[in-house]
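Using the sequences and the hints given, assemble the complete structure.
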Amino acid sequence: MSTATHRLDRADKAATGPAPAPVRRQERHRGGVGSRIFNGFSHVFLVVWALMVIYPLLWVVMSSFKDDAEVIREPLSLIPDKLHWENFGRAWTEGHLGAFFLNTVLVLVGSVTLTMLLGSMAAYALARFSFRGNRLIYYMFLSGLTLPIYLAAVPLFKGVYNTGVSFPLLGPNKHLMLILVYVAWSLSFTIFFMHSFFRTLPDSIAEAAQVDGASHTRAFFSVMLPMAKPGLISIGIFNVLGQWNQWYLPTLLMQSVAGEPKHQVIAQGLIELSVNQGYKSDWSGLFAGVTMAMLPVLIVYIVFQRQVQSGLTAGVGK
Amino acid sequence: MRHGVARFVTGFLALPVALYLFYVVWPFAQAAGYSLTDWGGYSDSQRFVGLDNYVRLFSDELIRKAFWHNVFFLVTVPLFTIGLALLLAFLLNVGGREDRAGIRGVFGSGLYKVIFFFPQVLSLVVVAVMWQQIYRSDEQGLINGLLIKIGLVDAANPIAFTADPEPFLGIPAVLWWLLLIAVWSGAGFYMVLFSAAMQSIPKDIYEAAILDGAGRFHTFFKVTLPLLRDTISVAWVYLGFIALDMYALVFVMTPSQGGPNHASEIFASVLNFTAFQKGQFGYACAMGVALAIFTILLAALQLRITRRDRIEY
Amino acid sequence: MSVTPEKSDLSRRILLQRAGAAGLLAIPAAGLLSACAGSEPSKSDGGGAAKSNDNPFGVEDGSAVKVVVFNGGLGDQWAKEDAVVFNAKHPKVTVNMSSTQKIKTEEQPKMATQPSDLVMNSGADMMDRSTLINEGAIEPLDDLLTAPAWDGAGTVADSLLPGTVGDGTQNGKFYVVNVAYTVWGNWYNAALFKKEGWTAPTTWDEFFALAPKIKAKGMAPYVHDAIHGYYPRWGLFASIWKAVGKQAVIDIDNLKDGAWKVDGVVAALQPWEKLVKDKLLLPGKLNHTQSQQAWLDGKAAFIQVGTWLKNEMAATIPPGFELTLSDYWSNSGDKAAKDVFAGSGEGFVVPSKAPNKAAAKEFLRAILSKEGSEKFAELTKSLASTKGSGDKVQDSALASANALMKNASSDLISVKFPDFYADLDKESQNLSEELMAGRLTAQQFVDKMQAAADKVAKDSSIKKQTRTA
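Residue numbers (the numbering used here), protein chains in the order written: chain A, 1 to 318; chain B, 1001 to 1313; chain C, 2001 to 2469.
Hints are supplied without guarantee of correctness; some may be wrong.
[Claimed, not checked] Listed next, the in silico DSBU-like pairs over lysine-lysine satisfying Cα-Cα at most 30 Å (straight line):
(1) Lys158(A) to Lys2463(C)
(2) Lys2274(C) to Lys2261(C)
(3) Lys262(A) to Lys2092(C)
(4) Lys2458(C) to Lys1065(B)
(5) Lys2246(C) to Lys1065(B)
Derived by calculation from the structure, the hints in this document are not laboratory data.
Structure (structure tokens):
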């Protein structure tokens, strides 16, 4: 059993590209025509799939520069007659994308951090200590993965509304409330995976820390948590993506009254654009909005892809 | 010492459990309570009806249909996603030429890995908007447009995609088209996952296999795949949850949200219709509870199956 | 212009109800959570002030009213104008207006807790009307009808187009205030027809005779939204009503035994079956905006849809395109060939738990005022349900609808069961799609509709409704 850090190293190497798989020189006879055909097939298949991924994305981006007439007349073309930047202006103002973007980032910073902190604390306690009710609590969290969220809509809204009466910051259309709701709804998934991760960490290290006189809490924060970093990263990525894409909870809980500051998140802005499109046929504005919501995430991903990939491997690898 | 542990455990669990109880368990507990009533969802009045709603479930044809569609996704989404992801990972890592240094990963595999991952970072809304245009059922659609242009599809008879209930292999076509979207979104992510896991397999294992004269396919199936079993089973569980929640795709992509003519109805779509359209919130809650029980059983089964001896290396 | 139909009612999914092309589940916009910003919900209905002719519900100065507008094909500008009208009489009452396309997603969870004061319940994502009424979630508004009109003689009821009160009435009480008036039929481009020398058909036979000429021009004769089943359903029911008469549809609405098997129903639907079989439909399963755009682009000659069409497609109507509405086609020997599919829609409701019901009703009075309804017609190019709203508007599409109404007989085509029974609503939408996709014959459609109706009739968990006229 290798340690997490060790695995991270290997994963890092893995992520940097094609590490030569080990085949001996004496196997060269295998490398003839068959190998070349296989290599060719690989390329064709990979290129086709890459096109299937890239082409729609590119097409959305390029369509966002067309005007409505062109979107309708030449829907398939990738090259617009003229760059209609005003589409972005419209999406920006009508879809409130700028503000919504900021709201989303603000909420996610809080919610993902808190999710990871609370999730790994709970997972750690559940994974490494036996006490009465351990299984009960674990399965309670686990069952959260199975419940259809729509069912909870009415009672959840009621609960948030009532809380808001005594604690305005926890009422509807408040960032703090959304953060806590996101955390609560992400705990199941986080605990499920962190739990199995903590179980794989060797006992000896925690024991060593104990011998050194560290409290359980200190052992967790200064020894176990750093060791779990690869897992934290990968589950953190899952949570960022999941919460970024979350639309049902914000739609339910983040409606703003006229006159109140708009606290909506980006998914809501996009949905607004998209549904508007059904009534006003502003195709180009919709594409522009989609592009604006999509590109930053893609860029962030491209910049951090190495970390994302290595974190993934390390976390779920074993 | 025992006392310290109790305090520590309480301290670590108090906040997460409290949050979870308040925002997740309590709303669901209420919903479970409603499943024993005839509540409509709009008022405060409701009547206790005992298990009537659950009894009704068993004679509900629509629910039965939806259940089998759910099972279809439950099987196919993980199967195809993982299959494709493994294939991609395999090609990327051992699809290259063989030379002195051995079998290489394919040229440009780093770039492919970045690209294939893209769909994972897109929000549902983006995916939906894109696929609506891809699947558009006239020559303005991406696929129909291309196929009509090169003459593979008749402009008078374009592909209907998610508006097509005709069975393919006994399953309505619309479900297959939805499946394609799900696989498209998920494959890249799991490819990266498998790919990295493959590369963390120690070289000496490969070398031993190669010494035995195994080719790359043989190596893949006999060596790589078994060593990836843990990763694959984690992926399977996660994809299983995704498969149970295909509702967003069904809602956005199909006519009449579950159509045409119920051909893409799944548990969640029936549940939503019953709760919010028919105003039978109590009955809908019973469906939700049944779905939850089904999922829990399934998850338990899955965990049992995968809890086998792991291969240590 | 004046439209004075006698009786009218509409399917509840009136104007613009569709899930936008993206059909996404929900929309944020500025939906509002009444009093959710922490204020204590008021226990009264907000009608604490002295009542007078100018303030029949006793709206209190200093109070606020939350109004949620469905921002669909009609937009929401007209509602903002109504707020101005309202504030002219009640300057000290704050109007908090927000608009959304996702009424149910946003409003339903609040109904039992803290609803808005006035909700325009419309669109694809609307709350089921029967459920709202059966659950006691919305307020009867009979006192609104007897209140004096805002800026005219008589009562509010007197100022409404006939049919509007009936449309909003269920179980003998008036619950839903429909503010728009819609006419349905087959649209065509009059400029194109003039250029080609075509005459717009009035019967199916004329249409089938014209169809080859249209096809010869590389154009599909007909198109409709093939994603939302209630679009084709309008046409199917227009045909049944025209051919077999009003009573046949009333019997269908009342789930009468064998109502679908009455002589003539199948025959009434057969032209639609032929339309599909003869490949006269534009290929492809397009949604509402896609199909409307295809029609505007000259890919199809006729499209069936309601009078909100012009406003919805305003941005992309090509210059010189003359949107013209004609009646659904009939057959010789039809019992009610002259009856037109029209009625009031876009219903406002006042939740029973609304904190300021008095102001909500007062706001409705403002919407139904002469001034407010004229603004409505001017901005939306659609008729309001208040008499005379379109008299001052110059618009060719509106004029064609008006001309159609003038020739109409006194009965207006309407279908009630989609309002009554959500199950049957969905089944009929599904089956309409299937019929128009050529997967069902008219006979099979009728058989399946009868079976679906029987199932609802037998289901004791569904509360039954009755249509009398």
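Structure-based check of all given hints:
1. Distance check on the hinted pair: Lys158(A) and Lys2463(C) sit about 27 Å apart at the alpha-carbon level, within 30 Å; holds.
2. Taken as a hint, the Lys2274(C) and Lys2261(C) pair is honoured in the structure, with Cα atoms around 20 Å apart against an allowance of 30 Å.
3. Taking the CA atoms of Lys262(A) and Lys2092(C), the gap is about 25 Å. The hint holds against a cut of 30 Å.
4. This hinted pair checks out: Lys2458(C) and Lys1065(B) have alpha carbons roughly 21 Å apart, not beyond 30 Å.
5. With a C-alpha separation of about 36 Å, the suggested pairing of Lys2246(C) with Lys1065(B) is violated against the 30 Å cut-off.
In the structure shown, a violation is registered for the earlier hint numbered 5 alone.
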